[in-house]
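Colleague: Sequence:
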Amino acid sequence: MLGLAYNSRFLNTFVRKIPLLKIFYVGLSWALVSAWLFLPKIDGAIFWVSFLYVSALVLPFDIRDKSSDKVITFPKFIGVAATKRLAYVLLIFSGGLSFIYFNTLYAVAFGGAIVVALALVYGASESKPDWYFSLLVETCCGLPLLFLILLEYF
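Quick note: the sequence shown uses the working numbering, first residue 14, plus one each step.
Incorrect hints may appear among the rest.
Unchecked claim - If you anchor each label on the Cβ, the simulated ranges turn out as follows:
1. 139 to 105: 18 to 26 Å
2. 143 to 57: 31 to 39 Å
3. 121 to 145: 24 to 32 Å
4. 163 to 33: 21 to 29 Å
5. 144 to 102: 36 to 44 Å
I should point out that these hints are in silico values taken from the structure, not numbers from a laboratory. Every residue, glycine too, gets a C-beta built ideally from N, C-alpha and C.
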């Protein structure tokens with residue numbers, strides 16, 4: 014439902030046209046899927062870790078699209094440097110929560126993904142090629158699982 018409402022033509026105002034909402038909306042959608050879809054009840058730790066992590070990963074895309082976005086996004090509102098700092102804070106809080114609430118193996122795997130995500134946020138700019146975002150930044154969503162598999166089996 015959240016995905017449909019984001020770009021829905023039957024609503025008077027698309028949710029995606031509301032200034033500054035996109036990162037939290039995408040983060041909420043992913044967090045609900047991660048923390049609730051396969052579980053009998055919502056897991057608060059998974060929800061908040063996922064929400065903060067995915068919200069941070071949306072910000073490099075806003076940096077890339079700063080000139081072409083018609084809606085006010087964080088890079089337009091607070092600038093690219095402050096947007097990167099916001100992403101760093103969200104990622105660090107996400108990583109901190111993972112070390113508090115997840116078992117050690119999961120937290121280390123997630124911590125590795127955080128380090129990669131921090132580096133990619135640092136390198137984000139409007140001049141980066143599309144593959145930087147479509148391949149590298151988007152891959153960050155699967156990195157915790159990849160790192161967990163590597164830690165567990167190698």
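Colleague: That 31 to 39 Å hint for residue 143 and residue 57 (C-beta), does it hold up?
Modeller: Given a distance of about 36 Å, which is inside 31 to 39 Å, the answer is holds.
Colleague: Just tell me: holds or violated, for the beta carbon distance of residue 139 and residue 105 against 18 to 26 Å?
Modeller: 24 Å Cβ-Cβ, so the 18 to 26 Å window holds.
Colleague: Look at the Cβ atoms of residue 144 and residue 102 and judge whether their distance stays inside 36 to 44 Å.
Modeller: 27 Å, violated
Colleague: Is 21 to 29 Å a correct range for the gap between the Cβ atoms of residue 163 and residue 33?
Modeller: Since the Cβ atoms of residue 163 and residue 33 sit about 36 Å apart, the hinted range of 21 to 29 Å is violated.
Colleague: Go ahead and decide if the range 24 to 32 Å is satisfied by the Cβ distance of residue 121 to residue 145.
Modeller: Holds - the Cβ-Cβ distance for residue 121 and residue 145, about 26 Å, lies within 24 to 32 Å.
Comparing the model with each numbered hint stated earlier shows that hints 4, 5 do not hold.
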